[in-house]
Structure formats: structure tokens, C-alpha cells
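Enquirer: Place chain F on chain C using the hints.
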Amino acid sequence: MTDAEFKRVLRDWETAAAKAAKEQRSRFPVTLVPGEKILYTHEDLKDFDPDRDLGVPGRYPFTRGPYENMYHGKLWTMRMFAGFGTARDTNQRFKYLLEHGQTGLSTAFDMPTLMGYDSDHARSKGEVGREGVAICTLQNMETLFGGIPLDQVSTSMTINCTASIALAMYLAVADEQKVPYSRLRGTMQNDMLKEYIAQKEWIFPPEPSMRVIVDMMEFCADHVPKFNTISISGYHIREAGSTSVQELAYTLKDGLTYVDYGIKRGIPVDKFAPRLSFFFNSHMNFFEEIAKFRAARRIWARHLKEHYGAKNPESWRLRFHTQTAGCSLSAQQPENNIVRTAIEALAAVLGGTQSLHTNSMDEALALPTEPAVKIALRTQQILAHECGLVDVIDPLAGSYFIEDLTNRMERECEAIFTSIDDMGGMVPAIERGYPQREIAKAASQFQRDLEEKRYIFVGVNDHVEKDEKPLPILKIDPRVERDQVAEVRKFKEKRDNGAAKRKLEAIVAAAKNNTNMMPPIIEAVKARATLGEICDVLRKEFGEWREPPIYW
Amino acid sequence: MKAKKPAKAVKAATTRGPRKIRVLVAKPGLDGHDRGAKVVAAALRDAGFEVIYTGLHQTCENIVNAALQEDVDAVCVSILSGAHMTILPEIHGLMKKKGMNDVLLCGGGIIPDDDAKELNGQGVGRLFGPGADTRDIIKYLNETIPKLRKR
Chain C
1 MTDAEFKRVL
11 RDWETAAAKA
21 AKEQRSRFPV
31 TLVPGEKILY
41 THEDLKDFDP
51 DRDLGVPGRY
61 PFTRGPYENM
71 YHGKLWTMRM
81 FAGFGTARDT
91 NQRFKYLLEH
101 GQTGLSTAFD
111 MPTLMGYDSD
121 HARSKGEVGR
131 EGVAICTLQN
141 METLFGGIPL
151 DQVSTSMTIN
161 CTASIALAMY
171 LAVADEQKVP
181 YSRLRGTMQN
191 DMLKEYIAQK
201 EWIFPPEPSM
211 RVIVDMMEFC
221 ADHVPKFNTI
231 SISGYHIREA
241 GSTSVQELAY
251 TLKDGLTYVD
261 YGIKRGIPVD
271 KFAPRLSFFF
281 NSHMNFFEEI
291 AKFRAARRIW
301 ARHLKEHYGA
311 KNPESWRLRF
321 HTQTAGCSLS
331 AQQPENNIVR
341 TAIEALAAVL
351 GGTQSLHTNS
361 MDEALALPTE
371 PAVKIALRTQ
381 QILAHECGLV
391 DVIDPLAGSY
401 FIEDLTNRME
411 RECEAIFTSI
421 DDMGGMVPAI
431 ERGYPQREIA
441 KAASQFQRDL
451 EEKRYIFVGV
461 NDHVEKDEKP
471 LPILKIDPRV
481 ERDQVAEVRK
491 FKEKRDNGAA
501 KRKLEAIVAA
511 AKNNTNMMPP
521 IIEAVKARAT
531 LGEICDVLRK
541 EFGEWREPPI
551 YW
Chain F
553 MKAKKPAKAV
563 KAATTRGPRK
573 IRVLVAKPGL
583 DGHDRGAKVV
593 AAALRDAGFE
603 VIYTGLHQTC
613 ENIVNAALQE
623 DVDAVCVSIL
633 SGAHMTILPE
643 IHGLMKKKGM
653 NDVLLCGGGI
663 IPDDDAKELN
673 GQGVGRLFGP
683 GADTRDIIKY
693 LNETIPKLRK
703 R
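Taken in sequence, the protein lines are chains C and F. The working numbering applies: residue 1 is where the first sequence begins, and numbers increase by one. The working numbering applies: residue 553 is where the second sequence begins, and numbers increase by one.
Here chain C stands alone, though its shape is the one from the complex (with noise of 0.2 angstroms):
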């Protein structure tokens, strides 16, 4: 058939097809798929050039994939978030799952220690263990690694505004260990950026968190060159209620602001791009969130390989993190949550994901039980093994529609960067509220959709079933915090004082001459000073940052 036959066949098609019954169909919020268009054909690749635009797995581009062999040289890692009262409490559920095979541990800290307090301070009062596993003291830190050998494991930290304090814990507890900082394999989530965009656990202002940060990758990039020193992350982005596209523009401005940052002062970005990793979200719009992922992986390469002139192959790599969406979940009829994240499971798979959390069905009414968990794990095992979904790489490649919402989405997220480029990059940006205000509009469309039912929520706001049977739910005793508070205090008293507050001083004097704070916060958390304690002393010198309370 030639070009203009086949036109006349579509334009036949579309005729008949506009003449044809329709019915109102749920859409999901702020798609950038077009309501109207129903089919796609090869007239919507025109531009497309698969040499340029696909290669092959493990190259660049790396739309395919970011390595050659992908789930066949190595599955994606079964990576679950756990944390959750005394460190004790958490100690034990990691050598649980690593008694049961997991290799990888995830850890979950309380909202006190992301937030710089120590868990006696009156701030802290209600929150200890409750999002999490209370970290404040080096004894914390030991007593969660206890019998675990930091280079028989990695571990990814769920910390921002507290990362250098918890990286710096680590390392000593890996000196106790007599285990060599080169062997430790893990990653700090460490993505400021993010913080002020969207899950808001802060302390300084922006330009004192990103030099804390660079500090964090200079260091690393010297002495811990296995650590992934920041996980720039879209996973909250998404969650505080963004489109796909903003959760991607957002993320990857994040994280080329990073190497800007880098760049700038004076790391080769060879030396420390190789080691940004990155986390984003899987939600319910199937088609959509697999295009983000592939043109994830493009665009990053692109900038990395055409704008900062990156040599190395391992700085063009985005490899990628995937947690299944929170707020795709449902309190009502609990059970159907186990389909929800099945389906965000698949699609991030489908687009690459080098790990995966998949959600418990019970997570929108409280942190998981236990059998929760294990459905949430068997899910991830089912798609591992039993569908040949594994079977071949990038299966979706080609897809008229995959292919043209891919590009679709470079496009959106190219304009995206142009507007945060004109108001002077992602830092001015995020201090005259531009994302945050974003986001929140976002979320209030969404709303009005669920509301006007023009996106079908099933058990919320159509199928809903009036007197629910109420699912059991996990409880953290008060006991929790009672013993936590006890055991800092003890730490306090018995340490040497004088030689805390000497090493608090040294941090304070690097934060003033500008030279790397992380060997001063290294020594102070072996001199027993406290998370909170190095935290107060940084608040004095740095300042404190406070958002202005807009609701847009």
C-alpha cells in the first residue's frame, strides 16, 4: 500500500469510527495521552529513527535498557522498605529477610531523625518509631548493623537533610567492623532538590543542603566509590500529587542540577555521575508510566553524553529504583490495592526498573503487617516467574503508541526544563515556589476529577460498599519511644563531653572555611555527639529554611 492508500484508508477509519456508539470512559487525571485519539499508526513515527532513538540495551541511548543482558544477566532486586520502632526492633527484621534470601536492606528512619532531632527533644514528642526506625546515636546505628557484615550486604537509606550524619554512622560503624569503606555497597537517598519540591523533611535553606550534599559526593567519590551518593528521586514528586511528566521534569532537572553543582566544584563529572541513581514512582496509568521510564533513561543520556560532555558510558546510564504508587491506594476494600500494585509492579518492569518495592495492600491505613508484606513480595515473584515476562528485553519497543508517547514525553519534559531554566535554574525555582505550586494544582485536578467522577475510582468513588469489614493493622507500642528516650539520655551521660563538643566545634569551623564537612562529622559521631547535636550546631551556622505557606 503506498502512503497516500493507506491515508485514505485511516481517514476511511476515522470517519467510521466517529460515526460508531461511544461510551464515557474513566480517564485518568492529567494524562498526557490524547482523550481523542484511539488508534495508533506508523503516520504518528514519522520523525522516528530507531538507530537514534532506540539503540540497543546497554548503549546509548539506553531507551531499551541500561544494561545488554538486563533480567537475564540479573532480575531486578526484590528491595522492601522496612523501619519501625527501636533499632533493636528493625535489627531484627533485617536479619529475618536476610535469612530468607533478600541481599539488599532498605531502611525506613523516624520522622525526628529525618528531621535533625534527637528522639528526647520535645520536637520529637508522639513521632519516635513511628514512620520508622529511631537513628540518633552512634549506638543506634550499631545496635541496627549488629551481626550484619557491611560488605556481605547493601544498604539504601531513606534519609535527606540527615544523610552526612547517617552516611558518617555507617562509616564508623564499618571501622568497628574492620571492613574497608571500598567494600561498602549502598545508597543514600540524599536528594534535597526533592525535598523542598515535595516530602518537605528539611532543615537548611537550599544552597547550604546542596553544599552539604556536594561535600557528601566529593567524599565518596574519593574514599566510598561504591556508594550510590545520591537517589534523585520522582517517587514523592509523584506522590504529593504531580502529573507523570512533572514528576519526571522535576527528578532529572534534580539531578543535572547535581552535576552542575559538582561540576562547579571542580569534581571531574566521570569521576561522580557514575554513582547518581534514581527513584521514581510507578501510578496507574500503564502506557504513560512505561514511556516515562524509557524516555527517562534517553533524556538523562542525551544531556549527560551532549550538554556536559560525559566520556564514561556508566555516567549516561540512568539506572532506576521503583516503588508502586501510595496514593494509588485505597483505604476502602483494602484487598484491591493487591491488584493496583500488581499492575504498576508490571508496568515497571516493562520499562526496566533495576528494583522494586511493591506496596502492601494495608499501606493507606497504616504501616504494613507482616502477611501484608509477604502478598506484596509474592506479587513481585509471580511476575518474576511465571508469566515470561522476562523472557525478552524492552518487549514494548516498536509500539506506534509507546514509541509516540516516549517521544511525547521527552518533548513535554524538554519545555518543562526551558521554564526552570528561565527563572535562573531548579534552586531559584524551587525558592519562589514554582514546582511546589505546580504540584499542589495537580492535585487539586485530581481531586476535582475523582469528585466529578470523570476518573472512576473503584471502591471510592463508584462500587463502593457501605459497612466495610475493617482489615487488622499494625500498632507501635509507646513503649517504643519511652525506651528510646531512656537509652539516648544514658548515651549522654556517659560520654566524654568535653571531647563532643570539641568535634561539634570542628564541623562548625569546616562549615565556615568552606572545606569537606564529612571527615569533621565522621570524628564527632565517633566522639559520641548525637544526630540532633550536629544538627543544632548546623542550624546556627546555615540557618533554617521556612516555605512559605502557600496552598497555590
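Treat the hints with care, since some could be wrong.
Straight-line Cα separation of at most 27 angstroms, DSSO-like style, residue types lysine-lysine; simulated pairs [unchecked claim]:
#: 1; chain 1: F; residue 1: Lys702; chain 2: F; residue 2: Lys648
#: 2; chain 1: F; residue 1: Lys650; chain 2: C; residue 2: Lys125
#: 3; chain 1: C; residue 1: Lys490; chain 2: C; residue 2: Lys526
#: 4; chain 1: C; residue 1: Lys466; chain 2: C; residue 2: Lys512
#: 5; chain 1: F; residue 1: Lys650; chain 2: C; residue 2: Lys466
#: 6; chain 1: F; residue 1: Lys699; chain 2: F; residue 2: Lys669
#: 7; chain 1: F; residue 1: Lys648; chain 2: C; residue 2: Lys125
#: 8; chain 1: F; residue 1: Lys669; chain 2: C; residue 2: Lys469
#: 9; chain 1: F; residue 1: Lys669; chain 2: C; residue 2: Lys475
#: 10; chain 1: F; residue 1: Lys669; chain 2: C; residue 2: Lys125
#: 11; chain 1: C; residue 1: Lys441; chain 2: F; residue 2: Lys699
#: 12; chain 1: C; residue 1: Lys526; chain 2: C; residue 2: Lys492
#: 13; chain 1: C; residue 1: Lys441; chain 2: F; residue 2: Lys572
#: 14; chain 1: F; residue 1: Lys649; chain 2: F; residue 2: Lys669
#: 15; chain 1: C; residue 1: Lys453; chain 2: F; residue 2: Lys691
#: 16; chain 1: C; residue 1: Lys226; chain 2: C; residue 2: Lys526
#: 17; chain 1: C; residue 1: Lys125; chain 2: F; residue 2: Lys649
#: 18; chain 1: C; residue 1: Lys494; chain 2: C; residue 2: Lys512
#: 19; chain 1: F; residue 1: Lys699; chain 2: F; residue 2: Lys649
#: 20; chain 1: F; residue 1: Lys669; chain 2: C; residue 2: Lys466
Read the hints as simulated data drawn from the structure, not as lab findings.
Expert: Frame of chain C, contents of chain F only:
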């Protein structure tokens, strides 16, 4: 983006009486989850309420002082950090101490049913969970606040 027009009945109710309903939307503690608080604040504003948003990371004292200064009819607290059994009774106690008996304390977040019942028993108003419709929140405030004002 165009804001949704409030339903007529809602609009009428909020403008009836001596003045518009004033609401403080508050984020206490260290919790940074502000999606829900912002969505609710925007919906209440669009429905004709006067909304004051505290911003993040407020202490209980800050919240109660702001409520007094702004002379609000309701304090709507959003908590997703699991600290509700500490924070809500503390805010409630401070409000009582300051004689704010005609001010409604209500809220939302991730609050298990059993905890919500216990808090309701202590005098805290309704606590809306995930999946709540903002129109139900508006209706609740419109029905509850005039009764408190009469006291």
C-alpha cells in the same frame, strides 16, 4: 487552571449569618505530607470559606495561638505521621485551656478507626480519612459551625 465553582447550596450556607466561616488548616509536628491539607484548603476557599493555612511543621502552641489570633471558627488538622494520639489531645487541651469552647477541632489523615473513635470520645470532631470527598468536609463544617456559634 479554572477553580471549580462551588455548589449554590454551599455558597448560601457559608455567607449566611454574621460573617464568612473562618478556618485554620494546620500541619502539626514533623510530618511533611501536605497534599491533603493543600487540596482541602483550596476546596474550602473555592467554596467561599476564609482559609488560613499554617504551613508545615507547626508546634501545637503555634497552631492554637494562630487560631486565637485569626479568630477562626474551626481548626482543621492534617496528620499522616502516626502522631495523632499525641498531637490531637494536646491541641484540644490547649484550646480548652484558652477557653475556645466555640471553636471546632477536626481533621484528617491516616488515622485508624479505633484511634478516631477514642479521639471523638475526648471531644475532637470528625476525622476524615483517605478517599474523603471535599464536599462532605464542606457540608460537615457548614452544619457544625453554626451550632457552635449559637452556644
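Enquirer: Against the earlier hints, flag every one the structure doesn't satisfy and list their numbers going up.
Expert: 4, 5, 11, 18
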